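Novice: As you go down the protein sequences, you meet chains Y and L in turn.
Using my numbering, you'd call the opening residue of the first sequence number 1 and step up by one each time.
Using my numbering, you'd call the opening residue of the second sequence number 1001 and step up by one each time.
It is worth saying that the hints were derived from the structure and are not from the lab.
All of these numbers come straight from a predicted model, not from anything done at the bench.
Treat the hints with care, since some could be wrong.
Some chain Y residues close to chain L (C-beta under 7 Å, calculated; not the full set) [stated by the list, open to error]: (1) L16; (2) T32; (3) A33; (4) L35; (5) L48; (6) S52; (7) K53; (8) G63; (9) M86; (10) L113; (11) A116; (12) C117; (13) R123; (14) I124.
Pulled a few chain Y residues facing chain L out of the computed Cβ check, cut under 7 Å [said to hold, decoys possible]: (15) L51; (16) M82; (17) A120; (18) G125.
Quick list of simulated restraints, FRET-style, between CB atoms [what the hints assert, rightly or not]: (19) I104/Y x V1118/L: 33 to 39 Å; (20) L1020/L x E61/Y: 18 to 24 Å; (21) V115/Y x H1019/L: 43 to 49 Å; (22) Y55/Y x H1019/L: 32 to 38 Å; (23) E61/Y x H1019/L: 47 to 53 Å; (24) A60/Y x Y1023/L: 37 to 43 Å; (25) R1012/L x Y6/Y: 45 to 51 Å; (26) L1099/L x Y6/Y: 20 to 26 Å; (27) G96/Y x P1018/L: 20 to 26 Å; (28) Y119/Y x I1044/L: 18 to 24 Å; (29) H1019/L x I104/Y: 33 to 39 Å.
Glycine is no exception: its CB is placed at the ideal position from the N, C-alpha and C atoms.
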Amino acid sequence: MSRNQYRTPLGQVRGLGSARNGTGEAYHQRLTALLLVPLTVGFVCVLLALLSKDYNAARAELGRPFPAIVFLLFVLAGAYHMEIGMRSVIRDYLHGHQREWALIVNTLFAFALGVACVYAIARIGFV
Amino acid sequence: MASTELGGKAQRPRPLSPHLDIYRWSVTMAISIAHRVTGVGLYIGVLLLAWFLLALSSDAASFAVFSAFIHSFIGRLVLFGFTFALFQHLMSGLRHFILDAGYGLDEPLRDPLAWAVVGCSAALTLIVWVIGYAVR
Chain Y
1 MSRNQYRTPL GQVRGLGSAR NGTGEAYHQR LTALLLVPLT VGFVCVLLAL
51 LSKDYNAARA ELGRPFPAIV FLLFVLAGAY HMEIGMRSVI RDYLHGHQRE
101 WALIVNTLFA FALGVACVYA IARIGFV
Chain L
1001 MASTELGGKA QRPRPLSPHL DIYRWSVTMA ISIAHRVTGV GLYIGVLLLA
1051 WFLLALSSDA ASFAVFSAFI HSFIGRLVLF GFTFALFQHL MSGLRHFILD
1101 AGYGLDEPLR DPLAWAVVGC SAALTLIVWV IGYAVR
């Protein structure tokens, strides 16, 4: 018979850390941050290459595989990274219902932004 | 006791834990705050990227509207701010990786590391804008 059977549920988990998603969030924040280091360099380089071009030339340039993939990865990793970051800002400054609504709007905004950018990049490449 | 009773006339505000305004400013504190401010700035500024991509993916007329905005004084100012925020957040993020690894938390590296973030992000912003004006 295990000794745990005599302990309350609270007693069993006390001292084991948060039961929610804090560690996973912190890890994903750093993982996306790490990905975004080279991606940001690539993103800025592609943008600089677009500067001298007119509409058609810029569209053709961003339609090439390498710039398009750099942009796609940057937007996806960026949307996830900013969603996690804003979550922690919201939790610091808002409380109660305001916090819950803000967290919902935050997720929706990041998701919509990511989808819009991915759609636009795909359209530039394929249409 | 009377002074803290609910509804009492001389009710004192509840004590709060010390916050930003009681501390003497330090460069590490400024960088930490700047990291959050630029993070929120980029969160909003990314709308500009979405506008750029959607305009480029639609047609020349939509792109001309975006182009006119970004070439205006306000547009350039916003883009300059976005560039600085991007590099500040990037450099500050690299600093956080160093801190996470357990380095630079104490003297003598603590303050130089924070100043390096200021210097590198300002330098990168200027370099990118100089290149931008040169190749345009």
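Novice: Determine for every hint whether it applies to the structure shown.
Specialist: We went through each hint and held it up to the structure:
1. L16: violated (22 Å)
2. T32: Violated, about 10 Å.
3. A33: This interface hint holds because 5 Å falls under the 7 Å limit.
4. L35: Since the shortest Cβ distance to chain L is 11 Å, the answer is violated.
5. L48: Since the shortest Cβ distance to chain L is 6 Å, the answer is holds.
6. S52: Status holds, d = 5 Å.
7. K53: violated (10 Å)
8. G63: violated (10 Å)
9. M86: holds (6 Å)
10. L113: holds (6 Å)
11. A116: holds (5 Å)
12. C117: holds (5 Å)
13. R123: holds (4 Å)
14. I124: Since the shortest Cβ distance to chain L is 5 Å, the answer is holds.
15. L51: holds (5 Å)
16. M82: holds (5 Å)
17. A120: Result: holds, 4 Å to nearest chain L Cβ.
18. G125: violated (9 Å)
19. I104/Y x V1118/L: 33 to 39 Å: Given range 33 to 39 Å: holds, Cβ gap about 36 Å.
20. L1020/L x E61/Y: 18 to 24 Å: Check failed, 45 Å falls outside 18 to 24 Å.
21. V115/Y x H1019/L: 43 to 49 Å: violated (38 Å)
22. Y55/Y x H1019/L: 32 to 38 Å: violated (50 Å)
23. E61/Y x H1019/L: 47 to 53 Å: With Cβ atoms ~49 Å apart, the hint holds.
24. A60/Y x Y1023/L: 37 to 43 Å: violated (53 Å)
25. R1012/L x Y6/Y: 45 to 51 Å: holds (46 Å)
26. L1099/L x Y6/Y: 20 to 26 Å: violated (43 Å)
27. G96/Y x P1018/L: 20 to 26 Å: Once the Cβ atoms are compared, 24 Å apart, the range 20 to 26 Å for P1018/L and G96/Y holds.
28. Y119/Y x I1044/L: 18 to 24 Å: holds (20 Å)
29. H1019/L x I104/Y: 33 to 39 Å: Given a distance of about 28 Å, which is not inside 33 to 39 Å, the answer is violated.
Hint compliance for this structure: hints 1, 2, 4, 7, 8, 18, 20, 21, 22, 24, 26 and 29 are not met, and every other hint is.
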